[in-house]
Amino acid sequence: MNSRAEDTATKILLLLEPGGIAPLEPERFAQVREHVRSILGRAMETTQEKRNRKWRDFQRVKKEAAA
Numbered sequence: 001m002n003s004r005a006e007d008t009a010t011k012i013l014l015l016l017e018p019g020g021i022a023p024l025e026p027e028r029f030a031q032v033r034e035h036v037r038s039i040l041g042r043a044m045e046t047t048q049e050k051r052n053r054k055w056r057d058f059q060r061v062k063k064e065a066a067a
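At position 11 of the sequence shown the residue is numbered 11 (our numbering), and the sequence of numbers has no breaks.
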C-alpha cells in the first residue's frame, strides 16, 4: 500500500482522537478508526486479491479447456 496514504490516515486519526485538535467522542472515534482501517485494508488487499482472482480464473479456464 502507499505509505503516503497510511501516513495521511494516521495524521487524520491523530487530529480526531480524544485529546486531539478536533476530538470526537470516544465511541465515534472508535467507529471512524475502524472505518479508516477497513478502507486501508481494502487498499492493501486490492493488488493481491486481484492477482488471486486472476489466478483462480486462469486455473478454472484451464481446467474447463482440458475437460
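No wet-lab data here; the hints were simulated from the structure. In this text, a Cβ means the ideal position worked out from N, Cα and C, and glycines have one as well. Among the hints, a few may not be true.
Cβ pair distances, simulated, as ranges [to be verified]:
hint, residue 1, residue 2, range
1, Ala22, Asp57, 44 to 50 Å
2, Lys54, Thr10, 20 to 26 Å
3, Gln48, Thr8, 20 to 26 Å
4, Leu40, Gly19, 20 to 26 Å
5, Asp7, Arg56, 30 to 36 Å
How the hints compare with the structure:
1. Ala22 to Asp57: 44 to 50 Å: 45 Å, holds
2. Lys54 to Thr10: 20 to 26 Å: Given range 20 to 26 Å: violated, Cβ gap about 31 Å.
3. Gln48 to Thr8: 20 to 26 Å: Because 22 Å falls inside the window, the suggested range holds.
4. Leu40 to Gly19: 20 to 26 Å: With a Cβ separation near 22 Å, Leu40 and Gly19 satisfy 20 to 26 Å, so the hint holds.
5. Asp7 to Arg56: 30 to 36 Å: Since Asp7 and Arg56 have Cβ atoms about 33 Å apart, the given range 30 to 36 Å holds.
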